[in-house]
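Could you put together the complete structure from these sequences and hints?
Chains S and G supply the protein sequences, listed in that same order.
Position 43 of the first sequence, counting from 1, maps to 43 under my numbering, and the rest follow consecutively.
Here my numbering runs 1000 ahead of the position in the second sequence, where the first position is 1.
No wet-lab data here; the hints were simulated from the structure.
Source: prediction; values computed, not measured.
Keep in mind that the hints are not guaranteed to be accurate.
Residues of chain G clear of chain S, computed beta-carbon distances all greater than 10 Å [stated by the list, open to error]:
#, residue
1, Pro1054
2, Glu1058
3, Ala1106
4, Tyr1117
5, His1122
6, Gly1123
7, Val1130
If you anchor each label on the Cβ, the simulated ranges turn out as follows [claimed, not checked]:
#, chain 1, residue 1, chain 2, residue 2, range
8, G, Ala1049, S, Thr90, 18 to 26 Å
9, S, Leu45, G, Val1092, 41 to 49 Å
10, S, Phe91, G, Thr1015, 27 to 35 Å
11, G, Ala1049, S, Leu50, 16 to 24 Å
12, G, Pro1126, S, Ala20, 16 to 24 Å
13, S, Ile39, G, Ala1167, 38 to 46 Å
14, S, Ala94, G, Arg1169, 39 to 47 Å
15, S, Leu54, G, Phe1141, 17 to 25 Å
Within a straight-line C-alpha distance of at most 25 Å, the following computed DMTMM-like cross-link-like pairs (lysine to aspartate or glutamate) qualify [claimed, not checked]:
#, chain 1, residue 1, chain 2, residue 2
16, S, Lys21, G, Asp1172
17, G, Lys1127, G, Asp1048
18, S, Lys21, G, Glu1058
19, S, Lys72, G, Glu1201
20, G, Lys1127, G, Glu1201
21, S, Lys79, G, Glu1168
22, S, Lys72, G, Glu1032
23, S, Lys79, G, Glu1201
24, S, Lys21, G, Asp1090
25, S, Lys79, G, Asp1172
26, S, Lys72, G, Glu1168
27, S, Lys79, G, Glu1032
28, S, Lys72, G, Asp1172
29, G, Lys1127, G, Glu1058
C-beta atoms are modelled at their ideal positions from N, C-alpha and C, and glycine is treated no differently.
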Amino acid sequence: MAEQELHPAQAHESAHPSPAKYILIATYLTLITIFEVLIYYVDALQDYFLWIFLVLSAVKFYYVAMFYMHLKFDARIFKTLFIFGLVLATFIMAALLLLFSIII
Amino acid sequence: MTTNTTAHESHLATTTGLDHRKLLMWLFLASECLFFGSLIATFLLYKDASVVGPQPHEILNIPVTSTSTFVLLTSSLAMVLALAAVQRNDVVSARFWIFATAFLGATFLGFQVYEFYEFVIHGLTPKTNVFGASFFTLTGFHGAHVTVGVIWLMSLFFYSFRHGLPAERSLDVELCGLYWHFVDIVWVVIFTVVYLIGSLEPAAT
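The structure is reproduced here in structure tokens:
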């Protein structure tokens, strides 16, 4: 039987993960949050807090967006749209913070 | 290991081959990034600019907020399990997980009401200083989004009793899930920027 021809926008779609994988990701997210809170109380790391928290937050963001929101498995256009919004938002934040001399 | 099929196995009669409701939802979420990005930047501008207290490091309660963050992260797991149940035509499980998501969302809102009440008791209102104004605006808008999500989830829950939740209509649940997960990732950023980084004492000048 001939394979169904996919629309180009659908070409990158693949099957969603299993419930077991979702539970594993939830465990990662919980462990990262616990780690963040524990680090918060370690005064010796205070100079590195900003970068540690930003990296851990980015990891949690990645897991939720890619696996729970299925960006990793859905059509590429969804990922492009969302990343475009994120990049634009980052520029707006950076512009505001630079304008008011909060950074640099 | 993969078990569930994608929501769009069949061809859709649209110019993109994709369901335009889902495309519209992603466009909406992209625009929401700009909305919350602006609010977070405004908070960062004003958090240490208050002439009178309370200041962020004097009032933000990390243990309480960590617990509410855990609750919201767990609700995202319940949401994705609800979608998986709908896609395998298991309406009873789907109904349970949808209700669990709404319940956890309502619990998160309970934490937020408690936090706001505590702040008001300790003298921080939106009128007290610029930190209060930017904090209540940012977290208040996020709370409003969670409230909309809970209403959406409960409407899906009651809808399922009248019309069921067949796999062919899984997109209805998926759209609600996308919104819910977005609200979750916005909170991940707020928790880090407002609570963990925001509550650090500013360096002495």
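Restraint check for S:Lys79 with G:Glu1201, where alpha carbons must lie at most 25 Å apart: Not OK: S:Lys79 and G:Glu1201 at ~37 Å, beyond 25 Å, violated.
25 Å limit on alpha-carbon distance, applied to hinted pair S:Lys21 and G:Asp1172: Between S:Lys21 and G:Asp1172 the Cα gap is close to 23 Å, so the pair holds against 25 Å.
CB of S:Leu54 to CB of G:Phe1141, is that within 17 to 25 Å? holds, 22 Å
Mind checking the alpha carbons of S:Lys79 and G:Glu1168 for me, to see if they're no more than 25 Å apart? Satisfied, since the Cα-Cα distance of roughly 24 Å is no more than 25 Å.
Starting from the range 27 to 35 Å, see whether the pair S:Phe91 and G:Thr1015 falls in it by beta-carbon distance. About 30 Å separates the Cβ atoms of S:Phe91 and G:Thr1015, which means 27 to 35 Å holds.
Outside-interface status for G:Glu1058 - nearest CB in chain S farther than 10 Å: Given that every Cβ of chain S is farther than 10 Å from that of G:Glu1058, nearest at about 16 Å, it holds.
Assertion that G:Val1130 lies farther than 10 Å from chain S (Cβ): holds, 12 Å
Is 16 to 24 Å right for how far apart the beta carbons of G:Ala1049 and S:Leu50 are? holds, 19 Å
Cβ distance range 41 to 49 Å for S:Leu45 and G:Val1092, holds or violated: Given about 47 Å between the Cβ atoms, the range holds.
With a cut-off of 25 Å on the C-alpha distance, tell me whether G:Lys1127 and G:Asp1048 pass. The given pair, whose Cα atoms are some 16 Å apart, holds under the 25 Å limit.
For the pair we were handed, G:Lys1127 and G:Glu1201, check the Cα-Cα distance against 25 Å. holds, 22 Å
With the threshold set at 25 Å, check whether the alpha-carbon distance from S:Lys72 to G:Glu1032 stays at or below it. Cα-Cα ~20 Å, so holds.
Consistency with the previously given hints fails for numbers 12, 18, 19 and 23, ordered from lowest to highest.
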